[in-house]
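So the protein sequences, as listed, match chains A and F.
Be aware that the first sequence starts at 1, since it is given in the UniProt record's numbering, and climbs by one per residue.
Be aware that the second sequence starts at 1, since it is given in the UniProt record's numbering, and climbs by one per residue.
These are computed hints drawn from the structure, not numbers from a lab.
Note that the structure is a prediction, hence the values are computed from the model and not measured.
Backbone N, C-alpha and C fix where the C-beta goes; we use that ideal spot for every residue, glycine too.
Careful: at least some of the hints might be erroneous.
A short list of chain F residues far from chain A (calculated; beta carbon distances all over 12 Å) [unchecked claim]: (1) Q94; (2) R145; (3) A228; (4) I243.
Reference excerpt, derived from the structure (chain A facing chain F, CB under 8 Å, subset only) [to be verified]: (5) V707; (6) F719; (7) K720; (8) L724; (9) M725; (10) G728; (11) P787; (12) L790.
Once the Cα atoms are required to be at most 25 Å apart in a straight line, the calculated DMTMM-like pairs of lysine to aspartate or glutamate come out as [stated by the list, open to error]: (13) A:K720 - F:D253; (14) A:K720 - A:E132; (15) F:K279 - A:D660; (16) A:K720 - F:D257; (17) A:K175 - A:E194; (18) F:K279 - A:D662; (19) A:K720 - A:D662; (20) A:K615 - A:D576; (21) A:K174 - A:D104; (22) A:K175 - A:D150; (23) A:K175 - A:E153; (24) F:K279 - F:E232; (25) A:K22 - A:D583; (26) A:K174 - A:E195; (27) A:K720 - F:E216; (28) A:K720 - F:E189; (29) F:K279 - F:D133; (30) A:K175 - A:E638; (31) A:K174 - A:D164; (32) A:K615 - A:D581; (33) A:K720 - F:E38.
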Amino acid sequence: MSAPTTVRPAGPDGIIGRRSRKVGGDELLTGRVRYLDDHRPTGTLHAVVVRSDQAHARIDGIDATAARAMPGVQLVLDGRQAAELSGPIPYFIDPAARGGRRVDIRCLAVDTTVFVGQPVAAVVATTRAEAEAAAAAVRIRSTPLPHVLDAVEALRPDAPRVYDEWPDNVVFAKKYGIGDVDAALAAADVVVTEELHIARTTTAPMEPRGYLASWDPADETLTVHAACQNPHQMRWMLSASLGLDETRIRIVTTTVGGSFGLKMQGHPEETLIALLSQQLGRPVKWVEDRRECFMAGAREQVHRITVGATRDGRILGLRNAIVADTGALSAQPGWAMPNMSATTLPSGYAVQACDIQLQVVATNKPSLNAARGFGKDAAHFVMERIVDVLARRLGMDPAEIRRRNFVGPDEMPYRTSTGLNIDSGDFPGLLDKTLAALDYDALRERQRQARDQGRHLGIGLAFELTPESSDGPGTFVSGFDTTTVRMSVTGSVTVLTGVTTPGGGNDTGIAQIVAQELGVPIGTIRVIQGDTDQCPNGFGNFSGRSMVVGGGSAALAARDVRAKIVAVAARMLSVDPDDLDVDEGIVTSRTDPATTVPVAEVAITLLTRAFAIAKDIEPVLESTRAFMPGNIDHTPDEHGRIQPYPTYSSCLHGAVVEVDPDTGKVTLVDYVMTHDCGTMINPSLVEGQATGAIVMGLGTALSEQLVFDDDGALLSDRFKSYLLMRAGDLPELRMVHQVTPSPFTVHGNKGAGEAGIGGAQAAVANAVEDALSPFGVTVRRIPLTPPEVLRVLDEAAVVSS
Amino acid sequence: MTGTPTYAAPTGIAEATALLTQAQDPAVLSGGTMLVPEMSHRTRRPDLVLDLRNARLSGVRVEADTLTIGAATTYRQVLDTTLPGGGAALAVLQTVARGITGGPQIRNRGTVGGSAAWANPSSDVPGLLVGLDATIRVDGAGGHRLIAAQDWVTGAFRTARAPAEILTGITAPTRPRHRFGYVKFKLAESSWPIVTATCLASPVGNVVLSVGGAFERPLRLSLAGVPADLPERELRTLLAEQIAAADPTPWTDVLADGAYRARISPVIAARAVQQALAKDPNSGEEPWTSN
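Use the sequences and the hints to build the structure in full.
Here it is in structure tokens:
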């Protein structure tokens, strides 16, 4: 990473904005942190899930006789037994509450299975190996039913039904956008239409999911250690599915080795492992294996998109029909992602006539799971692709066509056709910085020279707008969060926050904010996250929310504690409170810098000499505050549109590729991303997140895809068949920063961490099409694996002949 | 079989082959980079795991223009070999070892013999051995057999080795005056090889090459007197004709289908030939030293 061009220091000493070292980084590097599987209480039993080997089948019987007799086996539970002991798992986002269809989600399939890999039974044994051996001995007798594996096929009237009781396979359908699109397209000088396909991919964190449930039969309490993102939601879900009072459940989030949405709650194993522990009265652990982890799907969508524009490149209207393949339904929020593909269109372009029709369709594949980008990625792949197609049709430079259509910085906040209210941004500024970093004109010249030598260099640009920190009314997708800041008698500070970290480092960012707002050294602060018995009610990690609302609420709470410190110190120093500064643990008089008192001394004074020093000041050095950012508006406008996002980060990608037309291999030559997430609390952590998101986007653009056989079994279930990017596949990823503070958050920061995927996908796809433009190709599918690139070339050859 | 397999790490071949003869479904363990994951995934359930670690089968030797590679020689050991006189054969073997995907762990564990015995069409070694005109030795209770590399792989994941035999060693002519080319095509860094091509060119341009990855069995091709300046398109055409004439069985897996592999085979093969021929035979250097 090159150094950022601009970092706005916030505050006098700039702890906010500093590249502070990651909290706990030394423990991570030396292998001392404990992930879920490192928690091994005495007497822990191990669970293995028996899964369906049929895409769609009626379960005729489950024979566990042999399995129960095997060494170490403590319990075998099937779906019928589990259904007597537990209820349905509540949805994180209930499709029925949004006008869609639902089915009851159970921790184990009861009578019917609807995808290969669906949990059917569970085996608990003394060791994992014993449980695996016994699980292999469980016999499922079933009658196959017709299945459908493709969403477009699933929409046909005669398609097999994933859920027998439904009239069709549509989970959710909705129209988005306002404006007269027919008139806009009729008025256009040029209209282009493409059908674009995004393959099913997955998140593949280093650490898969895992849960350790410990039921204490003596006091009837349940403690669940979990590699998860949303501990409070999990507590609620387990309370509902197990019929337990929430006060009897404690969720402890362990150190998490990557989440990317995968570890949001609603997975059947959460209820299942807790139930198994309840039945056995002993701790039961389940750690997902890598093949199970690969079942989590994301992003599989088909977009038929049309835009019309004037001769000079101004886009007048957009029409898009989206078919999203959600697989089988799950209580996890993944099914809702395509909703954001629709809402995020037309991105940061001023196109007021949009007609976007979304259909979320069930198939007999594993469930869609929340994945970084949360559907917004698809909007960018599609929009940036069609903008390039339009530019080519008009003979315009792709940079220029974007510039002509961007919402201007002076138009902010800007209400889009789909109802989003973009808080702030400078999109032409992003373009200028990216073009400068690429040395665009020189690069175009280099491209011409390369072509003369028979080499195929391509340049791809892609803009990305990332709505972040979502609020879904009536769901546990919350746009606020809560933090307690508590100072002890020695002046050390505990921060208890409702947001959790997936490993990205928001605990470090929150500590920086508290250090600055409270005026204490960062080393005196300990941030505790993810423990429902310790932390205030919160919502965990998703939607780039952790620094906006976790950091924002921490700032408000820290300011309260600071005010108390100042009030007491003023008594101790006999000065006016307004005369006092607090910085790095010292309270200092502005007018007489020699007049000082350490914060620790103020704390011990208040807490041990309250009646002597400050009888009228309540001796509490603690505050709990929630931060509700501005710009969220759930009152539907005259078109029924709501505005669920406070902040909109933006970025502009530039990719340079070389394509080998003999093999179809795409080589990344250079990569630039100009990124604007408003104020950066910690640029290193922002860059780390953005780098990861770009690489996830590049992988899904070039090599990653989940492949199923005709019977619905996953074939790409190892890292040798699901190809993630490695360092050797990547050029140096260059990052340039632009800072356009949000007017709606405490520090002007916007969500960071999701931006990068759709832009990277689109930039690469645009670059490949640009490289192969002499052949007249159109890129319509990702990933652009070498065989796919040759297919694209063949397609162009057929068209031109 | 459902129980825990017996594990044995015998110190000699006679003891090892005796154990294999007694087992129902034995697995020979070399580096374990394939067998251990298969066993973890319960897709392979042997009753005996016969570990070659103590059988003294590792190491590389050169004797009288013959390169000998012990069956349990790791890629790391290949790379650490500094023997003189290994010729083009050792140089190309080291090129292959350097490009083994999976990082130091795999190069430290994975073995040349193990890969030959696994016979994954999408891997480097089976094709390499054909290109080297290597000979493979297997030992069984009744003695040993020598098998030409071309006859070694009988199909995808199948070899001429009988279940009670052990691959004990590989020999190949060193080819001290030959030049070589080795081209491996992968979809991405983490991918199995999709197509590999090994080329050995004699000082007068007689070329032997093998194509791996594309077909169930590696393909051996030869061209006589190829001029170094033969245009790539012509070379490709020549190779494509030879490949078509051999009518090999295409290999399809989740990464790429047989049609794709077959289509790019002449491209990759031609690149290997050009790489070999581009090395100047009159430079005064050992012809195989540069790559």
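Okay, which hints does this one fail, numbers in order? The structure conflicts with no hint, since it agrees with every one listed earlier.
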